[in-house]
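K.L.:
These protein sequence lines are chains A and B, in that order.
The number in the numbering used here is simply the position in the first sequence, starting from 1, with 5 added.
The number in the numbering used here is simply the position in the second sequence, starting from 1, with 1 added.
In short, the hints are calculated from the structure, not lab data.
Quantities reported herein were computed from a predicted structural model and do not represent experimental measurements.
Dumping the calculated SDA-like pairs for lysine to any residue here, alpha-carbon to alpha-carbon at most 20 Å:
#1 B:Lys105 to A:Gly198
#2 B:Lys95 to A:Leu210
#3 B:Lys95 to A:Ile191
#4 B:Lys95 to A:Pro211
#5 B:Lys95 to A:Gly198
#6 B:Lys256 to B:Gly288
#7 B:Lys95 to A:Asp189
#8 B:Lys74 to A:Arg206
#9 B:Lys339 to B:Pro279
#10 B:Lys74 to A:Asp189
#11 B:Lys95 to A:Ala214
#12 B:Lys74 to A:Asn200
#13 B:Lys74 to A:Ala201
#14 B:Lys105 to A:Phe205
#15 B:Lys74 to A:Ile191
#16 B:Lys95 to A:Val186
#17 B:Lys105 to A:Arg206
#18 B:Lys74 to A:Asp188
#19 B:Lys95 to A:Arg206
#20 B:Lys105 to A:Ala201
#21 B:Lys154 to A:Gly198
#22 B:Lys105 to A:Asn200
#23 B:Lys95 to A:Phe205
#24 B:Lys95 to A:Asn200
#25 B:Lys168 to B:Leu135
#26 B:Lys114 to A:Gly198
#27 B:Lys74 to A:Phe205
Some chain B residues near chain A, calculated using beta-carbon distances under 10 Å:
#28 Gly52
#29 Leu53
#30 Pro89
Beta carbons: idealized from backbone N, C-alpha and C, even for Gly.
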Amino acid sequence: MLKSDRILAYALILPVVAAVLAFVVGPTYNVATLSLTQVVMGMERGFGTLSNFEALAADPVFGLVLKNTAIWILGGTFLCVTVGLGVGTFLAIDSRMTGWLRALILLPWVLPDVVTAMAWKWMLHGQVGIIGQTLQSWGFSEGAISFMGDPNLVMWTLVVVLIWRKMPLVALILCAAIRSVPDDQIEAARMDGANAFERFRFVTLPNIAFSLTAVTVISMIWITAEFALPWIMTGGGPANASQIMATYIYQQSFEFFNWGVASAMSVINLVMLASIVALYLYINRRSWSSEGSK
Amino acid sequence: MGSVALKNIRKSYGAVEVLHGIDLDIQDGEFTVLVGPSGCGKSTLLRSIAGLETISNGDIAIDGTVINSLVPKDRDIAMVFQNYALYPHMSVAKNMGFSLRLAKEPQDRIDSKVRAAAEILDLTALLDRYPRQLSGGQRQRVAMGRAIVRDPKVFLFDEPLSNLDAKLRVQMRSEIKELHQRLKTTTIYVTHDQIEAMTMADRIVVMRGGHVEQIGTPLELYDNPASVFVAGFIGSPAMNFLPARNSDGSLQVGKGENLGPSPVSLRNGREVIVGFRPEDIRLSDGGLPAKVALIEPTGAETQLTLRTTEGNGVIMTTRERIAHSVGDAVHVAVTPGKLHCFDTETELSLTGSVQ
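Next up, chain A with everything else stripped away, as it sits in the complex:
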């Protein structure tokens, strides 16, 4: 390669490298160092300490945050994928109705996060929310239901709204995967004596396994990164009952200015996300290599 070519090549990738350095590597490095720096009242007071992590370990709220985050991510992902699989299976049926529904189901996706959060917040309002009132008038509940005021209910209420918002795309992806299962395999299974459930279990599911794992990991990442929905709907309340990692980091840094502790949590969050992504890449690569010659 000529020397001028090499210079040109470096010049061409420079913008991307610069952008990645400025917006990804730099902030990550910053957060990592900050997590090892003691910060008092927004002022840095000495680098090279694990006191932020120790503070987190001693923080009783952090335990609650971890538990809530587990409900949020694991419960959210599990429900998102199982409900999505059910809806996707239904949408995969050929009919005029499912054709329309396939288009309509994406509606929750076109709304901005903030609009979704505000709309649901009002619909779920303890006194004037339409959902609580309807349930009450149908006789499901004696008094008003405080969906977001009840510490035992609030996390699952958030998960339901999350599913409403995230499930449609999961359903569509799985619907597409199910529709691409070769017809003759399904027919062969019918000839082999498989009933509808057995055809789904032994033919459809193995055929869409790749899409299913991919969509599971992707939803996990989406849900981990989701911030606006819980923050606008509950702000982490009541009494931290719906505080999750994303909202707690935000609160600690931008409301309490505990930059160090917030950074420590960000690092923990990053490690969690990275391990999910690593799992995804591992599964991805494994299934590609096992495809082999087809």
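Add chain B to chain A, keeping to what the hints say.
P.N.:
Just chain B now, with coordinates in the frame of chain A:
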């Protein structure tokens, strides 16, 4: 045991009828081939027998029992699909044993049945492999193994060889035929390839546009085609057809060149379509004048494309070496008794011996 009787089978998709009343009786142990051009309804008919399609009218009976309303698995039928339809996530053994597993048979019985079928098909060494690790021919054999383990009354084959290359196709053709001779299971086989039909069938059902055109043994169809369509479809290269006229009991083409005596008695001056096979004509001193348009030697045989003075193409095959070259004027004569006569309007055979 497995005789199949079809009575007045009709099938419509909305307003479009694709099967117009098919009647067919298949004896126990018979190898029947449904053949016809694409879109003739042969696959639809096969899928109706399998139960993968519901029929709009008529009765399908196996061993005298009408099975119209039974789901596929209760019909005691096994089917081999064109694309093999193997389950990609199951090993060969699992693929073959899947139906038995669904039927809740004990594992040791499944194993022994799978092993027995694998031995018949020479698949024993491949039982632990996955479909993606197999060649096309091996996959095809696994698909057959999946049918064999069930020991059904009837085997259905839906164009099973069309995804294989030419050499493998010939090999699998004889394997399927041998398998049938060994198992003696009633077999219905769909193909669009008339050579497959000719070589494998006990009886051929030629279909066209949702109708049965002719039913018969391969040689019956070859020697006594019931219509221009069957005559042209069975045999390769196809039968030659020329417009002809009856003149005092002999058939004349063009400007009065005599082809030979008519095989049937016709009104004098009647216009007909005359047909003769490429191997039933030879070069001679007199007869139909033509020009050599193309010479294609294949080694054992030479195929000549001739053009008559009216411009009609005539194909001739001969085992003799040809001394002529393209452009030569020649005369051809039809072997006596090898002329076929068809009605110009209906295109049906006028030869009485045909059903």
